[in-house]
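K.L.:
Working from the sequences, and respecting the hints, build out all of it.
Chains as they are written, first to last, in the numbering used here: chain A, 13 to 322; chain B, 859 to 1124.
Since the hints were derived computationally from the structure, they do not count as laboratory data. The reader is advised that the hints may include incorrect statements.
[What the hints assert, rightly or not] Here are the simulated DSSO-like cross-link-like pairs (lysine-lysine), alpha carbons at most 30 Å apart as the crow flies:
{"id": "1", "chain 1": "B", "residue 1": "Lys1024", "chain 2": "A", "residue 2": "Lys317"}
{"id": "2", "chain 1": "A", "residue 1": "Lys301", "chain 2": "B", "residue 2": "Lys1024"}
{"id": "3", "chain 1": "B", "residue 1": "Lys940", "chain 2": "B", "residue 2": "Lys1093"}
[Claimed, not checked] Under 10 Å between C-beta atoms, here's a sample of chain B residues computed to sit facing chain A:
{"id": "4", "residue": "Leu982"}
{"id": "5", "residue": "Pro985"}
{"id": "6", "residue": "Val990"}
{"id": "7", "residue": "Ala998"}
Where is the CB? At the ideal position from N, CA and C, for every residue including glycine.
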Amino acid sequence: MLSLCQALFFALGGYAMGMYLAHHGGPEGIIDKDGWKLPACLFVVYPYDVGEAPGDAMVPWFWKPFFSLPLTLLLGVALPGVVAAVIGYFGFRSRVRGVYFAILTQAITVAGWLVFCMNNMKLCGTNGLTRFNTIAGFELSSHSVKFGLYLITLICLIGVFCLCRFLVSTRLGRVLVAVRDDETNLRFFGYKPYMFKMFVFALAAALGGLGGMLYTPQMGIVTPEYMTAKWSILFVIWVAVGGRGTLSGAVLGAIGVNLVYNFLTTRWPEAWPFVQGLLFVGVVLLFPKGIAGLLDLIRFKRLAKRTAEA
Amino acid sequence: MNTTELIAEYREFSPRINRIGARDFLLFVEDLSAVFDGFKAVDIGAWGVKRNELRVVIGPNGAGKTTLCDLVSGKTRPTTGKVYFEGDDITNELEANIALRGIGRKFQTPRVYDSLTTFENMELALPGSRKVRRFFGRTAGAGENENILQILERVRLKDDRHTEAKHLSHGQRQWLAISMLILSSPKLLLVDEPAAGLTDLETELTAELLLELKDEHTILVIEHDMDFVRQLNSKVTVLNEGRILAEGEMDELTANEEVIEAYLGR
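P.N.:
Here it is in structure tokens:
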């Protein structure tokens, strides 16, 4: 199953964190009638054309929960999870599969992008959320805070990796393998594959949201650009290059491709789209199992050589 | 017994006439038909399998044997008619719910999970709730493990329990599929061609296995292999072009002109 929704979930997490940061961002000023400070980025693109006078600008209700950090952290994970569970419930229950699932999720991502681009939604439209200052009272611009965020990201990566490792090792992991390989047969043993798929889809979405929450403060901006097809496909390329079907492959691919991206875009920016395309096509054609598969092959060959020598 | 008499006997138990009567049959179908693009794959007036019966369904290719299995297990929805299990109408239930009611199924080609080991395959079939949260443990309970090992020993797969299923031979895969079915302990076992592609020796063991199960389970075997059917030595239903042609002991059927023409004498 190919999901092209992951960018949407990533962006949802990113927006949750972005709203928190915008609440606590500069500059000082504009307070609405209820005493809420209007986030600067929202004030700039506030849709006055919806029948309100400039003085009437209010902080929308859905911005308010994101004033508190713990609530933001919770919602940044829970919102994408719930959205995914709903998409999953209807999609998997009606047995949407293969390429149709990819198209469905792609369409949902585009729909999300359109919604977030609208000024009337009071989510700052195409400008996105920016003008961040502090996170939990710390200056975002200071080096130690940046390093701290990096460390937190690293810890989250290790934590998520261990969590997924654990899940794969449980009986649930085996059921998921069975769902992947032949879900029809599983139904005749009393399983409802859509429940398991829904669970994994929602978990992946929640983890995507976590990623978005970590990415936003380090980038200083979150825009609807994050939920374009480009990003969804980029995520898929990371996994394809790293190695499908393995956890370490996903991590290797994400780091590896981004290293190449950073290197190339500083030296020879025009080349990147071509390299990206070549990478995707090349990996699929030459080593469908990606870097992880390649490493396995090398290890296997070395072992075979050693056994042959002995 | 000819076809009219047979249908008359089933009619006596037809739920429409006598709902209690349907309970004598573990499985009962009424006016069941499945039409694919104008082709009637199955067209059965009334038919059933009683509790603790071992029933064999035979018939030439395209007679509707597997389609009948599909209709009972919920894989295919009938065009008309009803399927009753333990007196309850299960015609429009989800496959998973039908399975949880106690109808287990083995497919024609053994469907086992290649990337899982023999033991892990068996674990999937363990009876019990299928809720997601029940699967967060690493292994099954001790009693369950013992149960799995016992069955694996019986089909000579115990030594291969940690082998990935893709490395098993065809016969072993057949047995694994049957073992999974046995482990899930359904009230009714639908066994589609258990002897397909097996050696004579393997076929014999499979027949033995099914006969052992007969005491505690109701079994519906779909088969092509006549020698195997003879080994099972039980009541046989002959399907032809989706209809029930005849029913009875193997010896009676081999003497039946119609059956010979449709199937045996080809």
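K.L.:
Each hint: holds or not?
P.N.:
Do the hints match the structure? See the list:
{"no.": "1", "hint": "B:Lys1024 x A:Lys317", "result": "holds, 25 Å"}
{"no.": "2", "hint": "A:Lys301 x B:Lys1024", "result": "holds, 19 Å"}
{"no.": "3", "hint": "B:Lys940 x B:Lys1093", "result": "holds, 23 Å"}
{"no.": "4", "hint": "Leu982", "result": "holds, 6 Å"}
{"no.": "5", "hint": "Pro985", "result": "holds, 8 Å"}
{"no.": "6", "hint": "Val990", "result": "holds, 5 Å"}
{"no.": "7", "hint": "Ala998", "result": "holds, 7 Å"}
The structure shown violates none of the earlier numbered hints.
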